[in-house]
Amino acid sequence: MSAAETSPPANVAGRESAPPRPLWHLVLVRPETLTLVLLILGVIVASRLSPYFLDIGYILRSFALSAEIALVALVLTMVIIAGEIDLSPAANMALSACIFAWAQASGVPIPLAVLLGLLAGLAMGGVNAFFVIVMQLPSIIVTIGTLILYRGLAQILAGDRSIRIAEGFIGVDRILVLGVPLPVVVFVLAAIVLALVLGGTIFGRQIYQIGTNEVAARHAGIRSRRIKLILFLMIGVVAAIAGIMTASRLGSVRYDLALGKELEMVLMAMLGGTYIFGGRGTIPGTFLAAWLLVVVSTGMTVANLLPAIQMTVLGILLIVSIIATNFIYSRTQR
Amino acid sequence: MSALRSLLLRREAGILVMIMLFCLAVGLYKPQFLTGNNLRVILLLTPLIMIAAMGQMLVLVARHVDLSMGSILGLSAMVTGMMFRDMPQIPWMLGFAVAIGTGALLGLINGALVTLFRLPAIIVTLGTLNLYRGLTFIISNARQVDRQYIPTELKAMSQTSPIFGVPSIIFIAFGVAILAYYFTMHTRVGRQVFALGSNPVAAPLRGIKANQVTLLVFTISGALAGLAGILYASRWGFVNPSNTGAGFEFQVIAAVVIGGVSINGGVGSVPGVVLGVLLLGCVSAALPLLGIPGAAQNAIYGTVILIALLIDRTVRQQGVLGLRRLPA
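Protein sequences appear in the order of chains S and X.
For the first sequence, position 311 matches number 311 in the working numbering, and the numbering has no gaps at all.
For the second sequence, position 290 matches number 1290 in the working numbering, and the numbering has no gaps at all.
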């Protein structure tokens, strides 16, 4: 920051007249760099705990267990960049998985059941969008409401039973593509596509503009409501995909599928350097953070830490990561 | 009568009408709903939520939110329950001090993170929701505090009292509500909470110490969650690391939002919240009578929150927002 701030010449006109920062500065002072460093550190520490960590297959198999959550976190990143938040996707996963499982258990052919699940996800995204965009209510509280509602509907549909998935559809994580479990492949492909969309298209740039200053973005002719609608529908469908993948991985569905996983989704986005107030963040950041989180939680499991301690650590990580990103952004902003 | 008063009266009158219509409808279908015994059931469902709702109301009025209440309840109850178990000789009344103190400390931590680092409360309390729940497991070694360790006097508070045999925890809940009413309407700091929530930029300019008020609000919210924690032990007679308080924050938020507290800060009243809590209690008590499975409870809470949000928005859209800042 010092280079930028101490340079005296005509800086009055605003930001565009500021001298360009050196490249190393741009690369170093980015939250994603921090995530990458932490990831490398995490792998080193974890491999000390257990030699398994040097086995790439082991890491990939561990990642397959969180790939669905990570997939949703990618889209959530875009939602947060646009200045909104969605806390309901974990409940959405449960409800769409329950609808899918219930449909196929009552004799609907599998492809149709999948379609039903996806449509349910789309509808849930639509409900969120209705309240946030049409009714102009804050997304935080709306999605807390729908979080309870979707989970409650799943509870009504499935009760305390677990619904079995047909044999033929079980085991999406056991399908290997070039030795990589399918959920991981889906996640990586989605990350690439979304990174290109967010970083390289007009649509992507408009998401950043909405998050930075929605009023200004509207005056600049950006259809912010339409873009937010697309984002909410997108996260709804992706959550449904994630829910159905989880159903296939577990082989049966209960209403408490992905219970409390909204923490991990938000955590992945925050750890990856997404700015909670919108306008900043990247898909590669969330991508790295997802791997970091898997390494950390698998490392804790290998080190025989209780799930409760892991929960505590995740909570602390969320707070620390948001403090860190806020700090970095406040230093680079002006 | 000022615009603000008439607005608030209208909101509260609306909730009251909703309660009466609901009770009448259920009562026509199942007459036993309108008996004194059922009133007791309804009132016994509400004290924990009512106490916590007063804290959540303050936090929401100050334009924040506390998602960690259920975990604070759980951790305070666990600390208190373990004290009862491991130190049976200490006076049981001390449990209240321990529970409230633990809760206040945890709330203070929330408030400190929000003010010191200027973080959004939703993310901070989502983090501490998990953090405190994890700590509950850690300190208890994932073991439940069983019924025989909870002092009999404490358990008796949920069953009876010298006054007409109405359980004491109901009196405690309404006592807290009366204190909260006094605090919000008749103390300087209480009004500052509203000023801060109405306009966080203008309030400091008028000499309101925003950070201190925010810290206070979160501490009160934590302390009340702690009080609800020991009353949980009284009401249910055990403390379980995973069940106690899980999902509690959602019921509280539902009650507060139904009670007309605006999520945009600055608006809310204790009578409204009390009525919101009672409406929620009526709904919960009616479900088993109507043969609706307990599984439906969450879906109903969610729906109720969304409906309350829509009502809140309608009220704001009718130009009431402008009147809100008039002096009461």
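In case anyone wonders, no lab produced these hints; they're calculated from the structure.
These numbers were taken from a predicted model, which means no experiment stands behind them.
Don't take each hint at face value.
[Stated by the list, open to error] Partial selection, computed: residues in chain X whose CB lies under 10 Å from chain S:
| no. | residue |
| --- | --- |
| 1 | Ile-1123 |
| 2 | Leu-1129 |
| 3 | Asn-1130 |
| 4 | Thr-1136 |
| 5 | Tyr-1181 |
| 6 | Ala-1295 |
| 7 | Arg-1313 |
The beta carbon of each residue, even a glycine, is placed where N, CA and C say it ideally should be.
We went through each hint and held it up to the structure:
{"no.": "1", "hint": "Ile-1123", "result": "holds (6 Å)"}
{"no.": "2", "hint": "Leu-1129", "result": "holds (7 Å)"}
{"no.": "3", "hint": "Asn-1130", "result": "holds (4 Å)"}
{"no.": "4", "hint": "Thr-1136", "result": "holds (8 Å)"}
{"no.": "5", "hint": "Tyr-1181", "result": "violated (24 Å)"}
{"no.": "6", "hint": "Ala-1295", "result": "holds (4 Å)"}
{"no.": "7", "hint": "Arg-1313", "result": "holds (6 Å)"}
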